[in-house]
Amino acid sequence: MGEALAAVSRLPRERTQLLPGFLAAQEALGWLPRAAVEHVSEHTRVPVAEVYAIATGYSELRLTPPEPGAWYVCTGVACDMAGAGALLEATPDRTRAIDCQFLCALAPVVHDDAERLYGRVTAEDLQARLAEAAS
Amino acid sequence: MTRVSPTPALARLRGDFPPVGRARVLVHRGTCGNAVGAEAVAAALRASMPGAAIAEGACDGACWAAPSATVQREAHSHRFARLDRGIPDELAACLAGQCDDEYAGRGEYGLLERVGRNDGSFGDVIGRGAYGAAAMAATLRPEQVIEAVAASGLTGRGGAHFATAQKWRLAAQHTGQKYLVVNAEEGEPGVFKDRHLIEGDPHRLIDGILVACRAAGVDTVFVYVNGQARNARAAFERALEDARAQGILDGAAFGGDPVTVEVRSGAGGYVCGDESVILNSIEGQRPVPRYKPPFATDEGLWGRPTVVNNVETLCAVSTVFDSPPPPTKLIPLSGAVSRPGLYEVPIDGNTTWTGVLATAGSAPGLVPGILLGGPSGRFVTPEEYEVPLTMRGLGAGGAVVLPRDADIAEVTRSLAAYNMRESCGECTPCREGTQRLVQLLEDVPANRERIAALIETLTEASLCQLGGMAGRPVASALESFPEAFEE
Numbered sequence: 001m002g003e004a005l006a007a008v009s010r011l012p013r014e015r016t017q018l019l020p021g022f023l024a025a026q027e028a029l030g031w032l033p034r035a036a037v038e039h040v041s042e043h044t045r046v047p048v049a050e051v052y053a054i055a056t057g058y059s060e061l062r063l064t065p066p067e068p069g070a071w072y073v074c075t076g077v078a079c080d081m082a083g084a085g086a087l088l089e090a091t092p093d094r095t096r097a098i099d100c101q102f103l104c105a106l107a108p109v110v111h112d113d114a115e116r117l118y119g120r121v122t123a124e125d126l127q128a129r130l131a132e133a134a135s
Numbered sequence: 001m002t003r004v005s006p007t008p009a010l011a012r013l014r015g016d017f018p019p020v021g022r023a024r025v026l027v028h029r030g031t032c033g034n035a036v037g038a039e040a041v042a043a044a045l046r047a048s049m050p051g052a053a054i055a056e057g058a059c060d061g062a063c064w065a066a067p068s069a070t071v072q073r074e075a076h077s078h079r080f081a082r083l084d085r086g087i088p089d090e091l092a093a094c095l096a097g098q099c100d101d102e103y104a105g106r107g108e109y110g111l112l113e114r115v116g117r118n119d120g121s122f123g124d125v126i127g128r129g130a131y132g133a134a135a136m137a138a139t140l141r142p143e144q145v146i147e148a149v150a151a152s153g154l155t156g157r158g159g160a161h162f163a164t165a166q167k168w169r170l171a172a173q174h175t176g177q178k179y180l181v182v183n184a185e186e187g188e189p190g191v192f193k194d195r196h197l198i199e200g201d202p203h204r205l206i207d208g209i210l211v212a213c214r215a216a217g218v219d220t221v222f223v224y225v226n227g228q229a230r231n232a233r234a235a236f237e238r239a240l241e242d243a244r245a246q247g248i249l250d251g252a253a254f255g256g257d258p259v260t261v262e263v264r265s266g267a268g269g270y271v272c273g274d275e276s277v278i279l280n281s282i283e284g285q286r287p288v289p290r291y292k293p294p295f296a297t298d299e300g301l302w303g304r305p306t307v308v309n310n311v312e313t314l315c316a317v318s319t320v321f322d323s324p325p326p327p328t329k330l331i332p333l334s335g336a337v338s339r340p341g342l343y344e345v346p347i348d349g350n351t352t353w354t355g356v357l358a359t360a361g362s363a364p365g366l367v368p369g370i371l372l373g374g375p376s377g378r379f380v381t382p383e384e385y386e387v388p389l390t391m392r393g394l395g396a397g398g399a400v401v402l403p404r405d406a407d408i409a410e411v412t413r414s415l416a417a418y419n420m421r422e423s424c425g426e427c428t429p430c431r432e433g434t435q436r437l438v439q440l441l442e443d444v445p446a447n448r449e450r451i452a453a454l455i456e457t458l459t460e461a462s463l464c465q466l467g468g469m470a471g472r473p474v475a476s477a478l479e480s481f482p483e484a485f486e487e
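Sequences listed follow chains D and C, in order. Counting from 1, one number per residue, gives the positions in the first sequence under our numbering. Counting from 1, one number per residue, gives the positions in the second sequence under our numbering.
Keep in mind that the hints were calculated from the coordinates and are not lab data. Quick reminder that beta carbons are idealized off the backbone N, C-alpha and C, glycines included. Treat the hints with care, as some may be off.
Straight-line C-alpha distance at most 25 Å; calculated SDA-like pairs for lysine to any residue [said to hold, decoys possible]:
{"id": "1", "chain 1": "C", "residue 1": "Lys292", "chain 2": "C", "residue 2": "Gly176"}
{"id": "2", "chain 1": "C", "residue 1": "Lys292", "chain 2": "C", "residue 2": "Ala409"}
{"id": "3", "chain 1": "C", "residue 1": "Lys292", "chain 2": "C", "residue 2": "Thr428"}
{"id": "4", "chain 1": "C", "residue 1": "Lys292", "chain 2": "D", "residue 2": "Glu50"}
{"id": "5", "chain 1": "C", "residue 1": "Lys292", "chain 2": "C", "residue 2": "Trp302"}
{"id": "6", "chain 1": "C", "residue 1": "Lys292", "chain 2": "D", "residue 2": "Thr16"}
{"id": "7", "chain 1": "C", "residue 1": "Lys292", "chain 2": "D", "residue 2": "Ala53"}
{"id": "8", "chain 1": "C", "residue 1": "Lys292", "chain 2": "C", "residue 2": "Gly425"}
{"id": "9", "chain 1": "C", "residue 1": "Lys292", "chain 2": "C", "residue 2": "Gln173"}
{"id": "10", "chain 1": "C", "residue 1": "Lys292", "chain 2": "D", "residue 2": "Arg15"}
{"id": "11", "chain 1": "C", "residue 1": "Lys292", "chain 2": "C", "residue 2": "Thr155"}
{"id": "12", "chain 1": "C", "residue 1": "Lys292", "chain 2": "C", "residue 2": "Arg169"}
Derived list of chain D stretches under chain C, where covered just means 3 residues or more per stretch with a C-beta under 8 Å from a C-beta of chain C [said to hold, decoys possible]:
{"id": "13", "region": "18–24"}
{"id": "14", "region": "46–56"}
{"id": "15", "region": "68–78"}
{"id": "16", "region": "98–109"}
{"id": "17", "region": "116–125"}
What follows is a list of derived Cβ distance ranges for each label pair [what the hints assert, rightly or not]:
{"id": "18", "chain 1": "D", "residue 1": "Glu38", "chain 2": "C", "residue 2": "Pro445", "range": "48 to 54 Å"}
{"id": "19", "chain 1": "C", "residue 1": "Gly393", "chain 2": "D", "residue 2": "Ala133", "range": "40 to 46 Å"}
{"id": "20", "chain 1": "C", "residue 1": "His174", "chain 2": "D", "residue 2": "Thr56", "range": "51 to 57 Å"}
{"id": "21", "chain 1": "D", "residue 1": "Arg96", "chain 2": "C", "residue 2": "Ala163", "range": "30 to 36 Å"}
{"id": "22", "chain 1": "C", "residue 1": "Ala461", "chain 2": "D", "residue 2": "Arg15", "range": "26 to 32 Å"}
Construct the complete structure from the given sequences, taking the supplied hints into account.
If you want it as structure tokens, here you go:
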């Protein structure tokens, strides 16, 4: 947490640094716990209620902790047509659906819990990778 | 086409970077390649060809070929595809000069010319046309630059196709602090052109930025990059560092006024397609659209005149002094084709979808339709495959080719659901309307009239084009594929 707060503190104390502040904290922590949001608020001198209102406007800011070990299956149009649904069905406990990852030419696409992308994934690939990640 | 001649200042700079004549293998290690094992391919190449010059670059737009590598020799360029299946002996032979089969995969000029064809270093692009436009613009008065852009007919490639020269002119007439915001948010599903441009040839974007600054009288630039496009941001920051070191940003290299460039990352939001959302985001306000007017060119960032240009637009700006400027459009193409990737096509009255589909390894008879423009787009049907493509008709250009057995109703519902999730909630028609549209689509036969009425409300009353265009794919699907929605 200290590292994340320090990263925020290094930014200029201006309102324009709100989103950079969120991103710096999220980069360090993987999500934005209450203490991080409050620190961004204090550092940029923007009321915490307003800071939350802004944070909830961004789909990629995570205000709840990520599920450990969860992988994400892109369900953008191209991936949907290339079998994203089958990937989700084949690995129901370990994968979640997410919106377009913009790697449409390599559909279907998944990313792991560290946001590393994999393209042209088959159900067997995904199961093998998940098994490898779990071991 | 003849390229703009280098100004004396540019010629001097180029003289500092003599071309490297040695043949090399360029492994395409962009986001695309890395997602399908390019790292292992690079390692295998190094192990199997000790002593060979092996460099790394970004994806060259042939995403279908990834993981791939291109052998580059004097006047010879040959891409070897799908190296995850093994490295063919022909690759080493080609590097040694024993190969006549030049396969470059696309035309000789255009915005993709250097994309994925360089190793990311300044020296590798400066001798191949980089900064020709910025150097030229620095020798011209701002009005002359605007005239050149007006003469080229360049329009905004983010999708709206507003005349770029006109936008600059509107900002240029103001004095005092002005801003340029580069929209690299690219949050439209099915579109991946800007990240390829930035990752593969970031100096072209800087070239265009400098021309825009010269024309509109801007000295402060914000580049707003999609939060997930980390490799694009990293490539751009590296290029910016190199440009700074060469005196390109402070006016030392070519003359002209100094420009400061700050890079910002977004954090998701299709609504950022509306430029005013990006302005709010940079200011630290809620990411929601502003009422218009006032337009950004009058009151943008912090109330000051602001030009907002898309990445592809600014990259195209880098070609306006060429004679004639290449009238090309990038088409990110995915879906049911054997060669999905980023294509650059001439918009010259001869290019049709039939031709694009053939290049991508499909044929009109195999394709019931093409989704053009994602969640705010429409379906192109076979009757249109022979109609010449136009800039405006292509919007941002994102095309998803439908397979023969496509479930059009399901695709339509998923687009409507996407718009619902991405609605920022600021205005009622979009916040409530996109939700209601998803509900009504559950039973189209019973709701046809209500769907039509709701789409009219969304189109007319929404604050920005997220809501304004949310009904477009639905209306298009209902019109073009009525049978898909029967009971």
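Going down the list of hints, with the structure as the test:
For the hint pairing Lys292 (chain C) with Gly176 (chain C), the CA-to-CA distance comes to about 22 Å; that is within 25 Å, so the pair holds. With a C-alpha separation of about 35 Å, the suggested pairing of Lys292 (chain C) with Ala409 (chain C) is violated against the 25 Å cut-off. The suggested pairing of Lys292 (chain C) with Thr428 (chain C) holds, with an alpha-carbon distance near 17 Å, which does not exceed 25 Å. With a C-alpha separation of about 24 Å, the suggested pairing of Lys292 (chain C) with Glu50 (chain D) holds against the 25 Å cut-off.
Using a Cα cut-off of 25 Å, the hinted pair Lys292 (chain C) and Trp302 (chain C) holds, with the two alpha carbons roughly 15 Å apart. Pair hint Lys292 (chain C) plus Thr16 (chain D) holds up; C-alpha atoms about 22 Å apart against a cutoff of 25 Å. Of the pairs offered as hints, the one joining Lys292 (chain C) and Ala53 (chain D) holds, with about 23 Å between alpha carbons and a cut-off of 25 Å not exceeded. Simply put, Lys292 (chain C) and Gly425 (chain C) have alpha-carbon atoms about 17 Å apart, close enough for the 25 Å limit, and the pair holds.
A threshold of 25 Å between alpha carbons decides the hint, and for Lys292 (chain C) with Gln173 (chain C) the separation of about 19 Å falls inside it, so the pair holds. Distance restraint check for Lys292 (chain C) and Arg15 (chain D): the Cα-Cα separation of roughly 23 Å lies within the 25 Å cut-off, and the hinted pair is therefore satisfied. With a C-alpha separation of about 20 Å, the suggested pairing of Lys292 (chain C) with Thr155 (chain C) holds against the 25 Å cut-off. In summary, the hint linking Lys292 (chain C) to Arg169 (chain C) is supported, as the alpha carbons are separated by about 19 Å, within the 25 Å threshold.
Here's how the region 18–24 of chain D fares: 5 of its residues keep a CB closer than 8 Å to some CB of chain C, so the rule of at least three is met and the hint holds. Beta-carbon proximity to chain C at under 8 Å applies to 3 residues in the region 46–56 of chain D; the threshold of 3 is reached and the given coverage holds. Counting residues of the region 68–78 of chain D whose beta-carbon sits less than 8 Å from any beta-carbon of chain C gives 4, enough to reach three: the coverage restraint holds. Evaluation of the coverage hint for the region 98–109 of chain D: fulfilled, as 10 residues show C-beta separations to chain C shorter than 8 Å, against a requirement of three.
With 4 residues bearing a CB less than 8 Å from a CB of chain C, the region 116–125 of chain D meets the requirement of three and the coverage assertion stands. A hinted range of 48 to 54 Å for the beta carbons of Glu38 (chain D) and Pro445 (chain C) is consistent with their spacing of about 52 Å. Separation of Gly393 (chain C) from Ala133 (chain D) is about 45 Å and conforms to the stated range, judged on CB atoms against 40 to 46 Å. Between His174 (chain C) and Thr56 (chain D) the CB atoms are about 35 Å apart, so this pair departs from the stated range of 51 to 57 Å.
Distance hint check for Arg96 (chain D) and Ala163 (chain C): the Cβ-Cβ separation is about 43 Å, which falls outside the suggested range of 30 to 36 Å. Roughly 31 Å separates the CB atoms of Ala461 (chain C) and Arg15 (chain D), a value that falls within the hinted 26 to 32 Å.
Of the numbered hints stated above, those contradicted by the structure are hints 2, 20 and 21, listed in ascending order.
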